[in-house]
Amino acid sequence: MQPSERPIQQLTRYNESVESLCTNATPVAPQTKLKDLSELFIRDTSLQAIAIVHHTRPQGLISRHYLMELFSTPYGRALHENHQVEEVMDRNVMRFEASDPLSNVSQQLTADSDNRVAQQFIIMRQGHFLGIGHTKDLLQRITEHRIKTARHANPLTGLPGNVPIQEELKRLQLHHRSFYLAYFDLCDFKPYNDVYGFCRGDEVIRELGNQLHRLQSKDTFIGHIGGDDFVVISTGAQILEQCQHILTQFEQGKAAFYNEQHWQTQKIRAQDRNGVPCDQPLLSLCVGVLPPQLTAAGNEHSLSQLSAKAKKKAKHSSPKLCLLESSLKPLQHRLE
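So the mapping is simple: our numbering equals the position in the sequence shown, first residue as 1, plus 324.
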């Protein structure tokens with residue numbers, strides 16, 4: 325069968341995995357002769373590399389450039405065409421699991437110890453051959469992501485905004501991935517803004533964004549909805565511990581946001597929502613968390629309603645963290 329290289333279709337992610345670059349290239353056995361490989365390359369001019377696989381396990385790779393160079397030497401074809409590909413294949417080709425993020429793949433490729441950037445690499449699923457990836461496609465995709473990230477990032481924190489947040493929710497639901505959805509909100513932020521001004525208020529939001537950004541991983545997505553509202557989407561079971569850590573960290577550092585008098589009295593004088601001057605509490609952070617049982621089938625509107633309910637409960641609890649009860653009736657509508 326002649327190898328072909330057609331991109332495998334799948335829903336992409338802002339921090340998508342290397343599987344999105346996988347070309348559906350048919351591999352060959354280690355005993356395949358080089359003259360047969362040469363015919364495959366001649367027949368398909370778009371084919372740049374062929375994987376060598378034994379019982380679904382990748383053994384190595386041979387590139388068009390290497391084989392043509394081998395045959396171009398004096399008597400090269402006559403000397404090598406009947407040799408088996410396992411004798412000359414690149415056994416040190418880089419291999420990646422399909423779930424590896426593109427950013428990790430890029431770092432490993434450019435950090436290769438022999439000071440060369442491989443043009444192709446092997447993509448596997450649990451150690452079994454899946455396809456071939458091309459470095460040029462990786463670089464193009466990363467460039468596209470940087471442009472897209474800049475376009476949809478919140479200008480204050482640089483974190484992904486509403487468009488990538490909704491894309492991530494859709495991606496997880498369409499792939500039937502269980503995930504937690506945590507909404508962070510600054511309580512009593514308006515009085516702080518009124519007293520200290522928007523510039524100081526922006527500093528508070530940036531600092532919270534920096535703290536949340538440190539949670540970013542292949543299992544955790546951080547987004548900035550706008551204003552003082554942030555979202556954390558996580559497939560990891562440690563989300564509650566992470567939320568508690570952020571709450572503690574914020575409390576320990578918030579003295580830097582106030583002058584000495586306000587910090588000592590633990591209150592500020594500002595107008596309430598009716599325009600009446602009164603004592604207002606200092607800033608605090610609350611987080612409402614939706615468990616996988618509630619996020620599995622929620623659409624944008626219903627998830628927003630549930631998160632508002634969770635945040636409201638969190639504001640009146642101590643610590644200001646609420647995991648909404650998963651005994652509520654499951655939502656029926658998926659994201660559209």
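Check before you lean on any hint, since a few could be wrong.
[Stated by the list, open to error] Only pairs whose alpha carbons sit at most 20 Å apart, straight line, appear in this in silico EDC-like list of lysine to aspartate or glutamate: (1) Lys639 to Asp596; (2) Lys637 to Asp543; (3) Lys514 to Glu575; (4) Lys591 to Asp518; (5) Lys542 to Asp518; (6) Lys359 to Glu410; (7) Lys639 to Asp512.
It should be emphasised that the hints constitute simulated quantities derived from the structure, not laboratory data.
Okay, the hints, checked on the actual structure:
Among the hinted pairs, Lys639 with Asp596 is consistent with the structure: their alpha-carbon atoms are about 17 Å apart, no more than 20 Å. The hinted pair formed by Lys637 and Asp543 fails the criterion: a straight-line CA distance of about 26 Å is larger than 20 Å. This hinted pair checks out: Lys514 and Glu575 have alpha carbons roughly 18 Å apart, not beyond 20 Å. Distance restraint check for Lys591 and Asp518: the Cα-Cα separation of roughly 14 Å lies within the 20 Å cut-off, and the hinted pair is therefore satisfied.
The hinted pair formed by Lys542 and Asp518 fails the criterion: a straight-line CA distance of about 38 Å is larger than 20 Å. Restraint check for Lys359 and Glu410: satisfied, since their Cα atoms lie roughly 13 Å apart, inside the 20 Å limit. For the suggested pair Lys639 and Asp512, the alpha carbons sit about 10 Å apart, so the restraint of at most 20 Å is met.
Comparing the model with each numbered hint stated earlier shows that hints 2 and 5 do not hold.
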